[in-house]
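Undergrad: Please take these sequences and the hints and turn them into a complete structure.
Top line first, the protein sequences correspond to chains A and B.
Each residue of the first sequence is one higher than the last, beginning at 1 in this note's numbering.
Each residue of the second sequence is one higher than the last, beginning at 1 in this note's numbering.
Errors might be hidden in some of the hints.
The calculated lysine-lysine pairs, modelled on DSBU-like cross-linking and capped at a C-alpha distance of 30 Å, are [stated by the list, open to error]:
(1) 186/A <-> 264/B
(2) 48/A <-> 225/A
(3) 388/A <-> 264/B
(4) 243/A <-> 353/B
(5) 225/A <-> 243/A
(6) 243/A <-> 335/A
(7) 267/B <-> 388/A
(8) 205/A <-> 186/A
(9) 317/A <-> 264/B
The following label-pair restraints were derived from C-beta to C-beta distances [claimed, not checked]:
(10) 264/B <-> 57/A: 46 to 54 Å
(11) 76/A <-> 261/B: 51 to 59 Å
(12) 74/A <-> 130/B: 49 to 57 Å
Part of the chain A face toward chain B, derived, beta carbon under 10 Å [what the hints assert, rightly or not]:
(13) 154
(14) 157
(15) 305
Hints were generated in silico from the structure; no laboratory data involved.
Everything numeric in this text was worked out from a predicted model, so none of it was measured.
For every residue, glycine included, the Cβ atom is placed at its ideal position computed from N, Cα and C.
In case you want the letters, here they are:
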Amino acid sequence: MDSLDAFRRETRAWLDANCPVEMRTPVTGDDDICWGGRRWVFKSEAQKVWLERMAARGWTVPGWPQAYGGGGLSHEEVTILKEEMRAIGARSPLESFGIWMLGPALLAFGSEAQKQEHLPKIARGEIRWCQGYSEPNAGSDLASLQTRADDGGDHFVVTGSKIWTSYADKADMIFCLVRTDFSAPKHLGISFILFDMTAPGVSTKPILLISGKSPFCETFFDGVKVPKANLVGTLNRGWDIAKYLLTHEREMIGGGGGGLLGGRSPGQVAASEIGTDGQGRLADHFLRADAARAEVDALAFAATMTRYKDEAAAGGKGVGDKSSVLKYYGTELNKRRYELLMRAAGHEGLEWEGARTHDGERPRDWLRTKANSIEGGTSEVMLDIVAKRLLQLPNA
Amino acid sequence: MLVLNDDQAMLQDAARGFVTDKAPVAALRRIRDERVAEGFDRDLWRAMAAMGWTGILVPEDEGGLGFGFVGAGILCEEMGRTLTPSPFLSTAMMAATALSRAGSPAQKEHWLPAIVAGDAVIATAVDEGRGHDPAGTAMRAERHGNGFRLTGTKTYVVDGQAADAVLVAARTAGSAGEPGGISLFLVDAKARGLAVERLATLDSRGAAELTFDGVEVTADDVIGAVDDGHGLLEVVLGVGRAGLAAELSGNAQESFTRTMDYLKERKQFGRTIGAFQALQHRAAHLFCEVEIARSAVLAALQALDADAEAAGLAVSVAKAKASSVARLAAQEAVQMHGGIGMTDAIDIGLFMKRMQVASTLYGDADFHADRVALARGF
Ligand SMILES: Cc1cc2nc3c(=O)[nH]c(=O)nc-3n(C[C@H](O)[C@H](O)[C@H](O)COP(=O)(O)OP(=O)(O)OC[C@H]3O[C@@H](n4cnc5c(N)ncnc54)[C@H](O)[C@@H]3O)c2cc1C
Ligand SMILES: Cc1cc2nc3c(=O)[nH]c(=O)nc-3n(C[C@H](O)[C@H](O)[C@H](O)COP(=O)(O)OP(=O)(O)OC[C@H]3O[C@@H](n4cnc5c(N)ncnc54)[C@H](O)[C@@H]3O)c2cc1C
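TA: So this is what it looks like as structure tokens:
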């Protein structure tokens, strides 16, 4: 206990001395979040300094081992670091698919050389990764994917296409699921490989979303040569890695909603926009009743995120299939949150362009949340996993 | 850490073993079918005392275990799984909290050993009408000599039909609706002018309507500060709410588990019905809700242990969530059992009935959602 108190004091002092004041204000746009990568253009000097200072301590990935650029902190220490960052409103110094998804998968399945090569670059924000899982005919039924990797001697030759690849046009590298055995049952012919997005034969084409943004792409591979050293784990056993990575992705997406809006809930936002009555109750009573229930659910859900992480840490394992509970509930909750915000906005929520509304920020964000229950596995797929794996209900 | 520590996990195992063995749902049926007026089994209550449960919140130097609210909540949760009727909530949680926090030395000396021994039942009397409304307390306590004279009616008093004493909220100043001006009194149940009418409730445990007709009490019977009892009352009610939330979590977990067992057993259309995705997805959704209610309950119990006066928000989240989840669990349980779920032969209906009582007492889901919203600034 004492050493944790000491850690808290030191952390508080260090953050206070090192977190630039500009990095203690709420995030207002996409580029306020640093994603790193070879082509990242820092929005400000403060953003750069903050990343460098945090990376030097290993605190962009505080729970990873120090040998791979992490902070080597215990679960309790990571929790304290996050609490202290929240207390001063510090922004996250770096977000990326490398941190959320590839890193945990490499830590569990990568070779020593792969960990040495890739993890420190993720920790320092030097390389930005994208995820090549989904294909036009392999969405929920991901294991039916058809992108092929043929044996070319010391390398694979990758041919096929992926779709919905988030930030493929901005990423430096891709972690990709490919079929390496077409005769085996579908789950047993998949391999997990890594390659450079600048390799000859890789091309991307952005897809426009209903929010008006193009954060994801169609990604094409035309005879891309990938060194065999870039195979993670065992040939044809990539599905185990893919699933493990998905549990981390789902846990992350499930917890995604809380940090938006400067941590304010829809009820709180609505109170500031619509006002309250003499007793402090939101003036719109219908909205208030729904917002109050959403508030209860959000607080109970936040406790569940904490409980699952604490249980996992106590048991020395990851959250595992329970990540589907978090993914399902957290994303459905986030959609509810934005439905409430749109109700609160009324006419103000109808503007699509114009400086007054930051080009319709609210309706665009509202539309974006509709993807939450699709990306990373749909709500229906999550419920299937809960029913089959956690509840052991029989197959149809 | 939002997990049970080793001592708490051991208590949970022991409690589960005890209630499964000594107080299965059949024990509730016996209370109901034999129309046991007190609504619980005295021998069972004494067995709980022998296990130390009655003293779980009583400080060690007063002869209890001083185990804390997480432990007390674990017991409620386990009793919720087996629908065990007992005065644990009223006496070992609420009255023990009031006495150990605010009792005079004489009150403590008189009541705490009796609570720990399983010899005393103490009910808390707050509500006077259809809804839960502590600040709406209208019952008058008029000054009379050195003491007070209580006049008014309290309704749905949990364990009031079996109580040796009643912790009662009455107004010494101000008017109904104001938090200020409420005082708490610990009144002997046999006091002159106090009439106890047993109410038969749908959970078979019963409750009481207490009519105070000029009941005379002395200044020594006040618990806490005169005119300023609302804060203590809120703590005592908070403890009761958290206990009910834990019980509702246990109730929901058990009706859910029984329903899952049924889905794996019942066959229609040549298949086990648990193979139908229409039911699987509802079951999975319900599982998520049950999980989330469990977290809210543990967070509330830990918040009470950390600082009972500051736990109001966490407790309201837990009571709101556990009340609505237990309701969903009961509804889904009956529906997924089909016709058999409507019968008295299986226990599912008993879980639904107790859910209705526990979710209504000390504020239902709406009452607590309103509180959560106010606490969060809207
Ligand atoms: C914003 C966004 C970002 C994304 N980023 C990436 C990325 O970076 N990399 C990547 O690889 N992929 C990414 N995806 C793709 C995402 O993983 C897929 O969209 C998702 O897995 C669903 O696949 P699908 O779109 O083919 O839908 P389908 O699988 O065709 O599903 C259509 C509907 O049918 C339902 N359904 C399907 N199967 C079942 C079943 N067995 N039982 C009941 N219902 C069923 C689904 O739930 C859904 O409602 C992204 C998607 C979005 C929206
Ligand atoms: C009060 C009452 C009065 C009744 N009166 C009469 C009467 O007068 N005459 C008479 O003949 N019957 C009567 N019944 C029986 C009633 O019609 C049946 O209870 C009903 O048809 C359901 O059958 P079951 O109880 O066997 O449930 P089951 O068929 O075992 O169903 C159990 C659960 O599984 C679900 N389920 C079953 N199959 C599927 C599927 N393919 N996909 C998804 N879910 C499925 C059901 O919806 C239900 O939730 C009565 C029932 C009640 C409760």
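Undergrad: Hint by hint, say whether it matches the structure.
TA: Now the hints, each set against the structure:
no. : hint                       : result
1   : 186/A <-> 264/B            : holds (28 Å)
2   : 48/A <-> 225/A             : violated (34 Å)
3   : 388/A <-> 264/B            : holds (12 Å)
4   : 243/A <-> 353/B            : violated (42 Å)
5   : 225/A <-> 243/A            : holds (25 Å)
6   : 243/A <-> 335/A            : holds (25 Å)
7   : 267/B <-> 388/A            : holds (18 Å)
8   : 205/A <-> 186/A            : holds (28 Å)
9   : 317/A <-> 264/B            : holds (29 Å)
10  : 264/B <-> 57/A: 46 to 54 Å : holds (51 Å)
11  : 76/A <-> 261/B: 51 to 59 Å : violated (38 Å)
12  : 74/A <-> 130/B: 49 to 57 Å : holds (52 Å)
13  : 154                        : violated (46 Å)
14  : 157                        : violated (40 Å)
15  : 305                        : holds (8 Å)
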